[in-house]
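Line order of the protein sequences matches chains A and B. End of the first sequence sits at 402 in the numbering used here; the numbers just go up one at a time, nothing left out. End of the second sequence sits at 909 in the numbering used here; the numbers just go up one at a time, nothing left out.
Heads up, a few of these hints could be off.
Stated by the list, open to error - Straight-line alpha carbon distances no greater than 20 Å define the calculated EDC-like cross-link-like pairs of lysine to aspartate or glutamate that follow: (1) B/K853 - B/E825; (2) A/K395 - B/E805; (3) A/K392 - B/E794; (4) A/K170 - A/D93; (5) B/K688 - B/E886; (6) B/K751 - B/D740; (7) A/K209 - B/D713; (8) A/K392 - B/E805; (9) B/K751 - A/D283; (10) B/K783 - B/E886; (11) B/K661 - B/E687; (12) A/K134 - A/E166; (13) B/K660 - B/E887; (14) A/K134 - A/E164; (15) A/K301 - B/E845; (16) B/K783 - B/E825; (17) A/K278 - A/E205; (18) A/K395 - B/D761; (19) B/K852 - B/D881; (20) A/K83 - A/D60; (21) A/K134 - A/E90.
Hints were generated in silico from the structure; no laboratory data involved.
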Amino acid sequence: MFKLTRRYLFDGLLQGITFLFSSISFLTLGAILVFVFNQGWSLINIDLIRYPYESTTILGAPLDEQTEFCLCEPNIALDEGVFYSSKWGVGFEEGVDLLGQATVQLAYIHPESPLASLKNKGIEDNEFVLLPEYLIQKISYNDRATSLARRGVERMVNELESSNSIFEIEVITKGGGIGGSIITTLWLIALTLLIAIPVGVGAALYLNEYAQKSQFANGLRSFIETLTGVPSIIFGLLGVAIFIPLTVALTDATGGNLISGSLTLSVILLPIIIRTTEESLKVVPVDYRNASLALGASRTQTTFKVVVPNALPGILASVLLGIGRIVGESAALIFAIGSIVRDEITLTDKSTSLAVHIYSMMTDEPANIELSSTIAIIILVIVLILNLIIKFISNKIMKGKLVGVI
Amino acid sequence: MKKIFDTQNLNLFYGKNQALKNINLTIYEKSVTALIGPSGCGKSTFLRTLNRMNDLIPNVTIQGGVWFNNISVYDKKTDVIDIRKRIGMVFQKPNPFPMSIYDNVAYGPRCQRSYSKKELDALVKESLVKSALYEEVKDRLQRPALELSGGQQQRLCIARALAMNPEVLLMDEPTSALDPIATAKIEELIVELKKNYTIVIVTHSMQQAARISDQTAFFLLGDLIEVEETRTFFSTPKDPRSESYITGRFG
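Next up, chain A with everything else stripped away, as it sits in the complex (with noise of 0.2 Å):
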């Protein structure tokens, strides 16, 4: 009877700690998950990949100098929240930006206010009209007072009412969109694995296929190793000693740019490309390659048309790793590639991925920690994307082939 309570104790206490710790892991990834969701999720908005990142200040005025008041009321409902001025026609909300910041923005224009339409002090003879996704920045008169924008709205209509004439209104464009960077990733995805994936395959074919147990083999199998602990910031480093110079050297690129950056990756994949190609070209059955061989086929056809296909669903989970670390990659990119955003993304240009996109809002003062946690929701939802096809293509194969047996 003890033994049997010993041993009760002894299998309750292993199960409670592995419970214990299960839940720790289970409960951290899921917080990790509320987190970056509860933090971003306000800001998840399709204007964030409609609008460029740059916005850009117009200082407009009224046509005339000797500008008559419109005195008019509305002749809609306005919502409430709406400030309207009816000596100029004009209501006035608050809103917020795509970085998550308080704005005043147009909510209602009279059709006979007299700022219905302004001239670009900035461009002789340009006329413009203000819109709703313009941010109001501040409103001079021509008494010199100046009502801004940051003091909040009702004060600013309230000056506007008591003010007669306008001397200029500053407003800029609706900016901060995240397209720019969402391209770069593509594109660093596709050509990051259009480069390493033919290169680490062929690595890990002649690893397995070729060199086997030499002690060459073996001693590159070893560095390929060291290589995958290594911090990828010494990847970085790399690329801006060779890769920047290389691109430049070659093309029209005058400093980082996505090739430089794509080749960085590249380099960094290919350790994990290369182990998880020869894992999967080890699990192909030596009865395959023997019956190949006994049919009097070579053994670069055995080789691409027995054991290549085999392994490609492992070659495919390869290319969801290496995904996995282009998405996730900052440090070797902020010296490869840069950490500007841009808007026109070209192969030879400065430009940033999501993730440095990330590094770059939360250097800023202060940090902006939702717009961070909105591009990690979509760097998830890309990332989820990808991975489905690549399951789904990889279903395609096994199909077909695997049915029923082993």
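Please arrange chain B on chain A, whose structure you already have, making use of the hints.
What follows is chain B alone, placed relative to chain A:
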């Protein structure tokens, strides 16, 4: 009968271990030669020297001569691919490729040159008919080969080897992974195939050797103890060791 294989003083070493000792064996055309003996006696090793499948194992040294139709198999000038084209092989465990039945049979020919679809269709059909599998699979040639039962898979492997139109079929315990009914089918097939092909079969079952072979070679610890016409071998073995093996005193 015409000689097809001839080995003279064949010695084979795995590293320092001698696996075959001075083997002198002649194999005749269009007959079945059975290689028997207890596990580890070198019979499979011998079979694999005939089409140079031992090349794939590191640290193998071979001394002596193997002649196939008066070609020295281990001569440096001999093209190993040509040898393997002319000597088909069937393995212990059915090992069809994870592709369709059709592609399995067409694999060997496709490796040699490009065929028109018509030629290939005819070749695949002919090979499957020869291996007595055609009737069972004719409606599902594009289905995965791994859907077939073990016995069918083994006959598919035979069809795959036959598609190369070899002169010889080497079989390494082709029925050891199969149930008795599938085994009987394969044995029937071997007897049928012997009309056109030379067959060398390694088997663990003395009954099988007695049923299907014309000549039996008994191996023990790397030595070739006795080669004899099968009926004579099993009724009046010359060597006392053969006799004790046949009567089940060891093995």
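Legend entry - Enumerated hints in conflict with the structure, sorted upward: Checked against the structure, the hints that fail are numbers 3, 6, 10, 15, 19, while the rest are satisfied.
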